[in-house]
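Visitor: Below, each chain spelled out in residue letters.
2 protein chains.
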Amino acid sequence: MGDARRVISDLRELAARTSTAAGAQRVAWGPTWREARAWFRAKVGELGLDVTTDAAGNNWVTLPGASTKSVLMGSHIDCVPNGGWLDGCFGVVAGIEALRSYAGGQRPPVTLRLVDWADEEGARFGRSLFGSSAAAGTLALDDVRGLKDRSGTALVDALRENGVELEGVGRAHAELRALDGRAYLEVHIEQGPVLEAAGKSTGVVIGTFGVERHMMRFTGQAAHSGSTPIAMRRDAFLAAAETALACRAIGLRHSKPGAGVVCTVGVVNVEPKIVTAVPGVCEISLDQRALDAAVLAAMNREAREASERAARANDVTVEWQHLWRIDPRPFDPALLALCAEAVTEETGEAPHLPSGPLHDAAEMALHMPTVMMFSSSSRGLSHCKEEDTPEPHLERTIRAFLKLVDKTVAHVAAG
Amino acid sequence: MGDARRVISDLRELAARTSTAAGAQRVAWGPTWREARAWFRAKVGELGLDVTTDAAGNNWVTLPGASTKSVLMGSHIDCVPNGGWLDGCFGVVAGIEALRSYAGGQRPPVTLRLVDWADEEGARFGRSLFGSSAAAGTLALDDVRGLKDRSGTALVDALRENGVELEGVGRAHAELRALDGRAYLEVHIEQGPVLEAAGKSTGVVIGTFGVERHMMRFTGQAAHSGSTPIAMRRDAFLAAAETALACRAIGLRHSKPGAGVVCTVGVVNVEPKIVTAVPGVCEISLDQRALDAAVLAAMNREAREASERAARANDVTVEWQHLWRIDPRPFDPALLALCAEAVTEETGEAPHLPSGPLHDAAEMALHMPTVMMFSSSSRGLSHCKEEDTPEPHLERTIRAFLKLVDKTVAHVAAG
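Protein sequences appear in the order of chains W and A.
First residue of the first sequence? That's 60 in the working numbering, and the numbers climb one at a time after it.
First residue of the second sequence? That's 60 in the working numbering, and the numbers climb one at a time after it.
Hints may contain errors.
Any copy, or any two copies together, can satisfy a pair, since identical chains are not distinguished.
[To be verified] PhoX-like, lysine-lysine: derived pairs with alpha carbons at most 25 Å apart: (1) Lys332 / Lys207; (2) Lys128 / Lys466; (3) Lys332 / Lys444.
Derived from the structure by calculation, the hints contain no laboratory data.
Here chain W stands alone, though its shape is the one from the complex (with noise of 0.2 Å):
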């Protein structure tokens, strides 16, 4: 059994190398990430294995057993600037304390491999999921290859810079596919408020929210502030907002205990946006996230509803942008009973909870089983220096998460 304060003593280590006051330093394809790679490759070298790069910069290191059938684990080493000590290398680094416990005895029945996915964040250049989406094919190269940082370095470039060669990065996928991979197990804070509400250190992911993205843009008439009676404008802003409490009101109707979804509306521009004059246009984002596609449907159908509605009732128009979705991403069922199980010798209990935050798991349950477990994350923070979760939780986590490894290896050895 491996140990789980040397995960967090290991975890500090690289905090203490990696940050500044400000937070965790390690934005993807930067000095900073290439220095906490290293530090994961000397890490890695202690137990007498070696790491390898695939074609979209994701590091492997492989734990060869009795069988090519193998257990994947993964996460992220990279965050974003000014990020926290746990968000992403958690999992890194409690999976090289699950190849510890196997490294060290007997030839495993599988075969483990822990994989450090290239660009999680996409903090630099806004394309999340970089590494494990090219593994799993659904990196579309059209949609990365203008993409520019803030200071103007282009990702093709600050890619090479790493070694990797954005044309090529689609291999990658084909070296995942030869892996023979028959389960993915990603450990990661909650980065929400859930567990810590309810008392809990740890808690089984049943899957990754689905998202639909969209710009609301309602057209009024500026008015003046004092010679427009109520009655005769056309407020672009009553519109937006007569919209946005309807959305929270549908996303209350379709949650139900245990499979909550939620639903935000966070950016709101008018115009002219001035004290004195009645907003004619309004712009406002909606970001809608269910586990259940046909829920998440519904929810998208209705707001659409509820936008034409407002925008009748205030004699503006509406037009909606569409800026992105992703389908849900429901884990495997043998997986979440393991991994309840695991959960359950643990700490007592096995609470559930969906994933709002899209991880590289999402990514991975295209192609093999998967499944979660999260630690609680204090007061729900996360991308920020603040991120933090209470030792005792993360002890429980790791030994947990160490469970489900163990119990993973031996169901697909089984199986």
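Since chain W is already given, all that's left is putting chain A on it; use the hints.
Guide: For chain A alone, kept in the frame of chain W given last:
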């Protein structure tokens, strides 16, 4: 009786001299404004009358009567950048026509005075009603001494370029008090859609709205759009949206036929303003207007209560910041009756409406009986080159205004 057609052709002449393709450019204190005032001086000179300038830069024309008791007519020849051909100068040129109708005949029973107020718009330095508030004694020098325009020119220097010493503008108040003003009349375009929508050319203005202007800042907690269940959110935008809608409902509840009120949320700012984050902060402006001071106070109190209810319901806080307020200025009952008579004689009816925008008349109402008359505005537009009024509407309004002047002269002479 004056000639309404001549007023319109004079306005066309003034527009041709002081406009570009983008609209009228008679911004106060600038060269085009001075050109417009030179044109005004020449027009008045044709009547054998002189222009005198008071300590605040207001231009006065006096037609002495048998009594020093004076009937004042006023408006402003300045406009916003890229403004329309009627806003302000309509009343000044109509006033010239009223003087012409007396200048040619026998000495009037009371003195007639026409004033072109300096810088009604405040377009360059942000302080509207500059000249009329100086004359009314309500201009606080401490509020304007430091004002600069966008290019960095100080108000004090722009005034000096026009022969006005800021520190001396208070003398304009003593000058006004010396005039023995017994009535103030102002004709203006509505700058709103009410008369047009009712199919009326001309309206009797019952007063200028009082205004309460505030910013509200809602503070909740920014959170990830995917990982934070709806029930655990502290969404500052949704609290603001509920408040904005509640404020409209409050306005509608306080509106009565003939005594409408208005309220506007014109500025909306959310933070962090990203698609994937629940807004942690939302700031909105609220501009409330009513003619009845008690109604305005009630609207404001109810808006505060609504904001506090919405804050509690969304687990956020709200803070109010006062921006500006002004009392309602209801007009004089006797002059309202004369105005209604004049409008009825000319148009067969006398629609009454309040003025949402402020006017120089609001300052004069503090010191003498005051009334305004409105001509319709096409599509309610103003402060833009599309500002317009059908010529038949202008003609009827000019004729009604000339009748109002006659009636007021007789009224003041009689009593």
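Visitor: Indicate, hint by hint, whether the structure satisfies it.
Guide: Verification of the hints:
1. Lys332 / Lys207: For Lys332 and Lys207, the Cα distance is within 25 Å only across copies (22 Å; inside one copy 31 Å).
2. Lys128 / Lys466: Answer is within: at 15 Å inside a copy they meet the 25 Å cutoff, but 103 Å across does not.
3. Lys332 / Lys444: Between copies, since 20 Å is at most 25 Å while 34 Å is not.
In summary, this structure violates none of the numbered hints.
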